[in-house]
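Trainee: Taken in sequence, the protein lines are chains A and B.
Going by my numbering, the letters in the first sequence line up with residues 4 to 345, in that order.
Going by my numbering, the letters in the second sequence line up with residues 171 to 489, in that order.
In case anyone wonders, no lab produced these hints; they're calculated from the structure.
Incorrect hints may appear among the rest.
Unchecked claim - If you only want the chain A side, here are some residues facing chain B, beta carbon under 10 Å, derived:
1) Gly134
2) His138
3) Ile141
4) Gln145
As the list claims (entries may be wrong) - Which stretches of chain B does chain A cover? Using the computed rule of at least three CB atoms under 8 Å from a CB of chain A, they are:
5) 374–387
6) 403–412
By construction, the Cβ of each residue, glycine as well, lies at the ideal position given by its N, Cα and C atoms.
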Amino acid sequence: MESKELILEVKKLNTTFVSDKKETRIVKDVSFAVKRGTTLAVVGESGCSKSVTMNSIMRFLGRNAKVEAESIRFTAKRADGTAEPHQLEGIKNPNGAEMRALRGPQMSMVFQDPMSSLNPVYKVGDQVAEGLIQHTGISKKQAREQVLELFPRLGIPDPESRIDCYPHQFSGGMKQRVVIAIAMICNPELIICDEPTTALDVTIQAQIMELLKKLQVENGKSIILITHNMGLVAEMADEVCVMYMGRVVEFGSLEDIFDHPSHPYTKALLRSVPVLGLADGQKLETIPGITPNPADLKPGCEFADRCAECTERCRGANIPAYEIAPGHRVRCVQFDHFPEVD
Amino acid sequence: MLKYILKKILAMIPMLLLISMIVFFGLQLTGVDPINFMVSPDVLSANAANVEALRDSLGLNDPVIVQYFHWLGKVVTGDLGYSFDGSSIAETIAVRLPYTFELAGWSLLLSAIIGVGIGILSAIRQNGIIDYVGRVLAVFGQAVPQFLVGIILIQILSIQLGWFPAGNRVSPGAASAFIDAVQHLFLPVLTLTIGMVAVLMRYARNTTLDVLNSDYIKTARSKGIPEWKVYLKHGFRNAMKPVLVIVLFRIPMLVGGSVVIESVFSYPGIGLTMTNAITSGDYPVVLITTLIIAAAMLICSFMVDVLNALLDPRVRLGE
Numbered sequence: 004m005e006s007k008e009l010i011l012e013v014k015k016l017n018t019t020f021v022s023d024k025k026e027t028r029i030v031k032d033v034s035f036a037v038k039r040g041t042t043l044a045v046v047g048e049s050g051c052s053k054s055v056t057m058n059s060i061m062r063f064l065g066r067n068a069k070v071e072a073e074s075i076r077f078t079a080k081r082a083d084g085t086a087e088p089h090q091l092e093g094i095k096n097p098n099g100a101e102m103r104a105l106r107g108p109q110m111s112m113v114f115q116d117p118m119s120s121l122n123p124v125y126k127v128g129d130q131v132a133e134g135l136i137q138h139t140g141i142s143k144k145q146a147r148e149q150v151l152e153l154f155p156r157l158g159i160p161d162p163e164s165r166i167d168c169y170p171h172q173f174s175g176g177m178k179q180r181v182v183i184a185i186a187m188i189c190n191p192e193l194i195i196c197d198e199p200t201t202a203l204d205v206t207i208q209a210q211i212m213e214l215l216k217k218l219q220v221e222n223g224k225s226i227i228l229i230t231h232n233m234g235l236v237a238e239m240a241d242e243v244c245v246m247y248m249g250r251v252v253e254f255g256s257l258e259d260i261f262d263h264p265s266h267p268y269t270k271a272l273l274r275s276v277p278v279l280g281l282a283d284g285q286k287l288e289t290i291p292g293i294t295p296n297p298a299d300l301k302p303g304c305e306f307a308d309r310c311a312e313c314t315e316r317c318r319g320a321n322i323p324a325y326e327i328a329p330g331h332r333v334r335c336v337q338f339d340h341f342p343e344v345d
Numbered sequence: 171m172l173k174y175i176l177k178k179i180l181a182m183i184p185m186l187l188l189i190s191m192i193v194f195f196g197l198q199l200t201g202v203d204p205i206n207f208m209v210s211p212d213v214l215s216a217n218a219a220n221v222e223a224l225r226d227s228l229g230l231n232d233p234v235i236v237q238y239f240h241w242l243g244k245v246v247t248g249d250l251g252y253s254f255d256g257s258s259i260a261e262t263i264a265v266r267l268p269y270t271f272e273l274a275g276w277s278l279l280l281s282a283i284i285g286v287g288i289g290i291l292s293a294i295r296q297n298g299i300i301d302y303v304g305r306v307l308a309v310f311g312q313a314v315p316q317f318l319v320g321i322i323l324i325q326i327l328s329i330q331l332g333w334f335p336a337g338n339r340v341s342p343g344a345a346s347a348f349i350d351a352v353q354h355l356f357l358p359v360l361t362l363t364i365g366m367v368a369v370l371m372r373y374a375r376n377t378t379l380d381v382l383n384s385d386y387i388k389t390a391r392s393k394g395i396p397e398w399k400v401y402l403k404h405g406f407r408n409a410m411k412p413v414l415v416i417v418l419f420r421i422p423m424l425v426g427g428s429v430v431i432e433s434v435f436s437y438p439g440i441g442l443t444m445t446n447a448i449t450s451g452d453y454p455v456v457l458i459t460t461l462i463i464a465a466a467m468l469i470c471s472f473m474v475d476v477l478n479a480l481l482d483p484r485v486r487l488g489e
């Protein structure tokens with residue numbers, strides 16, 4: 004079990020945005036865990052707070068965001084193999100020394116849009132080296148050596164000449180490789196990928212995902228993959244966390260989610276994935292309705308209004324999650340004969 | 171880079187020629203007859219033949235195009251000609267242009283430091299107290315016309331309180347040239363600065379906000395570098411690019427556009443020279459002052475191009 008210990012364990016994370024003195028709760032009691040060396044996919048349609056959840060953990064949100072949690076425990080591994088836990092929920096300054104010490108060498112993030120994730124006025128090599136120099140204090144020259152070493156591993160050819168290029172001289176896929184290089188250069192244990200391929204075309208998508216998979220297998224990295232691409236989930240994930248309107252509605256292993264989807268939302272999500280060999284004239288299913296405005300949500304299950312299996316009980320105040328199989332949690336009253344978990 | 175600069179410099183020459191042509195031919199349309207400034211009206215009607223001879227000798231009967239090249243040939247060799255009042259234009263410019271530069275330079279420097287400084291601070295602490303006060307002041311500074319600010323300042327600080335002279339640049343017999351300069355410059359510089367701070371503040375605030383919300387700032391934070399590095403290294407340089415354009419394009423506006431302020435303070439710079447020349451129909455002076463302002467505009471836009479290329483590799487390498 005040593006290798007499968009938890010690298011990140013989040014309990015009851017709540018993120019609230021304040022605007023015009025009005026508070027809107029965006030992330031609600033989100034709990035999940037990532038096992039070391041595995042990939043957790045976080046799925047859900049646009050606006051379901053996947054990104055906000057991850058940005059809350061990395062503390063990238065602006066000052067109008069309030070992040071509270073019962074516990075956010077990040078367990079780093081020391082060189083001698085012993086565990087070094089960090090409790091992130093207690094850190095006050097989102098950009099203070101404690102958070103900064105973790106960002107880069109322990110956890111890092113790959114963003115959605117490589118076109119805007121790189122600073123247009125600096126050479127890509129310098130942008131990659133910046134974090135390394137910050138955390139290790141090595142010289143510019145040594146850092147450059149390491150960047151040159153990293154580039155080919157990430158599929159950036161001819162590093163000697165590419166390292167001195169500016170971002171606008173790179174294609175989208177190459178830019179994303181640079182963004183991954185920035186995330187990888189300090190050799191972090193956890194990489195959060197926020198829809199890393201959404202802005203790229205399909206062939207490049209496949210290359211980037213292959214690259215991430217390779218890095219994980221070869222270096223034992225833990226990955227959180229935010230996506231709404233079910234194909235990617237099937238390919239990459241060990242565990243899946245389905246989110247809807249700021250809540251985790253279902254959490255389980257890849258098999259749990261794909262073979263025994265239990266929450267009506269998960270089922271609807273899987274039905275709306277296009278598959279090869281769709282019969283002539285058969286329409287792809289969609290989920291009726293739109294995601295509601297988080298500012299005027301009614302009590303009870305957030306999905307109730309769009310759910311085909313909705314009953315009177317779904318409008319009740321508090322719906323807990325039920326564990327329907329070991330490690331498989333569903334937040335739906337249909338399963339209330341199973342034990343409650345928080 | 172060198173080729174880029176050379177190309178930009180060469181492009182300025184036809185622009186200047188074109189502007190001089192437009193101004194020259196445009197002024198012909200006003201129908202001002204220089205003879206009216208040289209000969210009194212009663213003599214004019216009596217000596218029609220002599221006047222015609224004078225016209226011929228001055229080249230005023232030549233086709234306009236010939237007059238233009240004649241004038242251009244002289245200007246290019248440094249002979250700016252004479253005003254209708256007989257004074258050498260070159261001498262007037264030599265005295266007055268430095269005064270204008272003095273006024274423009276100080277206003278630009280002060281407003282850039284204050285305006286950009288407040289703008290950045292209010293962006294970093296968005297909706298904070300500096301932001302709030304700054305936004306109110308910006309609206310005020312942009313809404314109130316500069317000449318009004320100037321008149322109010324003169325009324326209070328020089329007429330009522332007597333702290334500063336109400337106009338001019340030099341007082342005869344002043345003990346210290348430096349103190350004299352500070353005293354005379356204070357009010358016009360303050361007036362121009364108030365207006366420009368308002369513009370620059372808003373601009374710097376908006377571009378800084380844009381940049382601070384951009385993805386690469388998040389990337390910078392994800393590297394774990396300290397906040398001051400995030401702001402200075404990744405934020406400032408990108409945010410200042412558009413601000414720099416605004417600041418530089420204030421220069422020609424200051425050289426020419428302080429026309430109103432120079433009049434309010436009867437400050438003897440290029441602007442006042444130009445207004446006086448226009449009201450008295452002194453078109454050789456109008457020609458030269460207009461050209462100076464146009465040249466200032468072109469030089470500034472050239473500087474904008476060069477600085478942009480220095481700051482932004484996309485411009486530098488995309489030539």
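Trainee: Each of the hints needs a verdict: does it hold here or not?
Mentor: Hints and how they fare:
no. : hint    : verdict
1   : Gly134  : holds, 3 Å
2   : His138  : holds, 6 Å
3   : Ile141  : violated, 15 Å
4   : Gln145  : violated, 17 Å
5   : 374–387 : holds (count 3)
6   : 403–412 : holds (count 3)
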